[in-house]
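Participant: Given chain Y's structure and the hints, the job is docking chain G onto it.
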Amino acid sequence: MAKIHVNTTINGAPTEFLCDANQTLLDVLRDNLGLTGSKEGCGSGDCGACSVMVDGRLVCSCLVLAPEAAGAKIETIEGMADGDKLHPLQKKFVEMAALQCGICTPGFLIAAKALLEKHANPTEEEVRYWLAGNLCRCTGYDKIVTAVLDVAAEMRESAR
Amino acid sequence: MSEIQYQAAKTVKEAVKMMQAAKGKGYILAGGTDLLVQMKSGARNPGVIIDVKKIPEMVSVTEKKGAFTIGAATPAAVMGEHKKLRKAWPGVVEACNLIGSTQVQGRASAGGNLCNASPAADSVPALVAAGCIVNIAGPKGKRSVPVEKFNTGPGRTSLKPGEIVVSLTLPARPKKSSDAYLRLIPRTEMDIAVVGVGVSLTMKGDTVADARVGLGAVAPTVLLVDKAAKALVGSKLDDAALAAAANACSAACRPIDDKRGTIKYRTKIAGVLLKRAALIARDRINGIEHRGHRPV
Numbered sequence: 001m002a003k004i005h006v007n008t009t010i011n012g013a014p015t016e017f018l019c020d021a022n023q024t025l026l027d028v029l030r031d032n033l034g035l036t037g038s039k040e041g042c043g044s045g046d047c048g049a050c051s052v053m054v055d056g057r058l059v060c061s062c063l064v065l066a067p068e069a070a071g072a073k074i075e076t077i078e079g080m081a082d083g084d085k086l087h088p089l090q091k092k093f094v095e096m097a098a099l100q101c102g103i104c105t106p107g108f109l110i111a112a113k114a115l116l117e118k119h120a121n122p123t124e125e126e127v128r129y130w131l132a133g134n135l136c137r138c139t140g141y142d143k144i145v146t147a148v149l150d151v152a153a154e155m156r157e158s159a160r
Numbered sequence: 161m162s163e164i165q166y167q168a169a170k171t172v173k174e175a176v177k178m179m180q181a182a183k184g185k186g187y188i189l190a191g192g193t194d195l196l197v198q199m200k201s202g203a204r205n206p207g208v209i210i211d212v213k214k215i216p217e218m219v220s221v222t223e224k225k226g227a228f229t230i231g232a233a234t235p236a237a238v239m240g241e242h243k244k245l246r247k248a249w250p251g252v253v254e255a256c257n258l259i260g261s262t263q264v265q266g267r268a269s270a271g272g273n274l275c276n277a278s279p280a281a282d283s284v285p286a287l288v289a290a291g292c293i294v295n296i297a298g299p300k301g302k303r304s305v306p307v308e309k310f311n312t313g314p315g316r317t318s319l320k321p322g323e324i325v326v327s328l329t330l331p332a333r334p335k336k337s338s339d340a341y342l343r344l345i346p347r348t349e350m351d352i353a354v355v356g357v358g359v360s361l362t363m364k365g366d367t368v369a370d371a372r373v374g375l376g377a378v379a380p381t382v383l384l385v386d387k388a389a390k391a392l393v394g395s396k397l398d399d400a401a402l403a404a405a406a407n408a409c410s411a412a413c414r415p416i417d418d419k420r421g422t423i424k425y426r427t428k429i430a431g432v433l434l435k436r437a438a439l440i441a442r443d444r445i446n447g448i449e450h451r452g453h454r455p456v
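If you read the sequences in order, they're chains Y and G.
Sequential numbering from 1 applies to the first sequence in my numbering.
Sequential numbering from 161 applies to the second sequence in my numbering.
If we strip away everything but chain Y, and leave its shape as in the complex, we get:
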């Protein structure tokens, strides 16, 4: 069976890869392209550890087929920091210890960034609902939610 040749854009860089028809985008990111920041938790769209952006839309990369990436713009956790300069969400997660084992963290960061791009001033309830598809078994969520709300406030302040 011939492999499928896919041209896509990942974190702004034109990228090509070969994949099977039933390979997921997550598999290709991790196994073919070495972008191991996106994690596989459940593989069924329940945990959000594999969250990425596809054409500006937050999705689980375990529920996207790799050939679907053709012509799409994909953003992963690897594109979040600007070189050594962390994104404000990443900085805040470190400062506030909004992570413990770290497996869920890339997914939370991608999902939280998507929220703040859409809603600059979310309530705590809105943050919790938005992140309901991201599971964390360490933190109890409080530190994550507080970190996201803090960053939202800081970003609003610096935008003034």
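Please note that a few of the clues may not be correct.
Stated by the list, open to error - Residues from chain G that face chain Y, not an exhaustive set, calculated with beta carbons under 8 Å:
| no. | residue |
| --- | --- |
| 1 | I164 |
| 2 | L189 |
| 3 | T193 |
| 4 | V197 |
| 5 | K200 |
| 6 | I209 |
| 7 | S261 |
| 8 | Q263 |
| 9 | G266 |
| 10 | P346 |
| 11 | E349 |
| 12 | D351 |
FYI, nobody ran anything at the bench for these hints, they're computed from the structure.
No residue lacks a Cβ here, since even glycine has one placed at the ideal position from N, Cα and C.
Facilitator: Below, chain G alone, put in the same frame as chain Y:
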């Protein structure tokens, strides 16, 4: 070695041809939030995966003379962002926006939810209440079917070989019309309905002029409950009318016992949700806002 193929159709015609050529082994890929999970578990084994998201009419919402046509693969998030659709059919939109997480919302579609044919599908009771028409294309051309006649059992649809669902049409609304969808789950988010009820109302003054009721997760397919609608029509949604409609919903239930709910519980809750959904639909007609389940 996998023999599976991926094909992206650019037109509905092309998608139908691909389905025909796949000889029963073709599966339509809309959002993939059910299909990919089923492929991983081995529950479904496609020979050809036919992606329909490159077909513009299958991923967009259009309005014509007050009727909305929703492409079958339109992500639920896109429906939620469509202000006019949300205003005309808040119940249908809230039902679609209840499916899964934010991530799932970015992919899952009403057409996929319908074709997956789960008796507990959230969008379907609201679509049944809305009087939705399913637009189908196949080797013999196009046809349309009322949504309540589309599914034939758990996981089964009335699609014939080579046919695909192209879009869903919600009819133009008379003035003073609205709808609501309520489901019961044991938690606030990310679960499958124990019971789901969709109600669509048209009022004349403070009297119900027209009603439709869709009932989910209590029978092998989602039910159109005519008797409940009849109990509401002509009433002012007084306690007696609501009780009669609730009883009609409970009487229509043929549920299963499972870990999510017992037969007795589901039967009772069907009536409870009917009453609440009818009152929310009336409030919306009267300009009283009810926040959808999902706040963002």
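Participant: Hints first: check each against the structure and report whether it holds.
Facilitator: Status of each hint after checking the structure:
1. I164: Where the cut-off is 8 Å and the nearest Cβ of chain Y is about 5 Å from G:I164, the hint holds.
2. L189: Given a least distance of 7 Å, the restraint on G:L189 holds.
3. T193: 5 Å, holds
4. V197: For G:V197, the interface hint holds, since the closest Cβ of chain Y sits about 5 Å away, which is under 8 Å.
5. K200: 6 Å, holds
6. I209: Because about 6 Å separates G:I209 from the closest Cβ in chain Y, which is inside the 8 Å limit, the hint holds.
7. S261: 2 Å, holds
8. Q263: 5 Å, holds
9. G266: Holds - the Cβ of G:G266 comes within 8 Å of chain Y, reaching about 4 Å at its closest.
10. P346: 15 Å, violated
11. E349: Given a least distance of 4 Å, the restraint on G:E349 holds.
12. D351: Violated - the Cβ of G:D351 stays beyond 8 Å from chain Y, reaching only about 10 Å at its closest.
In terms of the numbered hints stated before, the structure departs from hints 10, 12, listed from lowest to highest.
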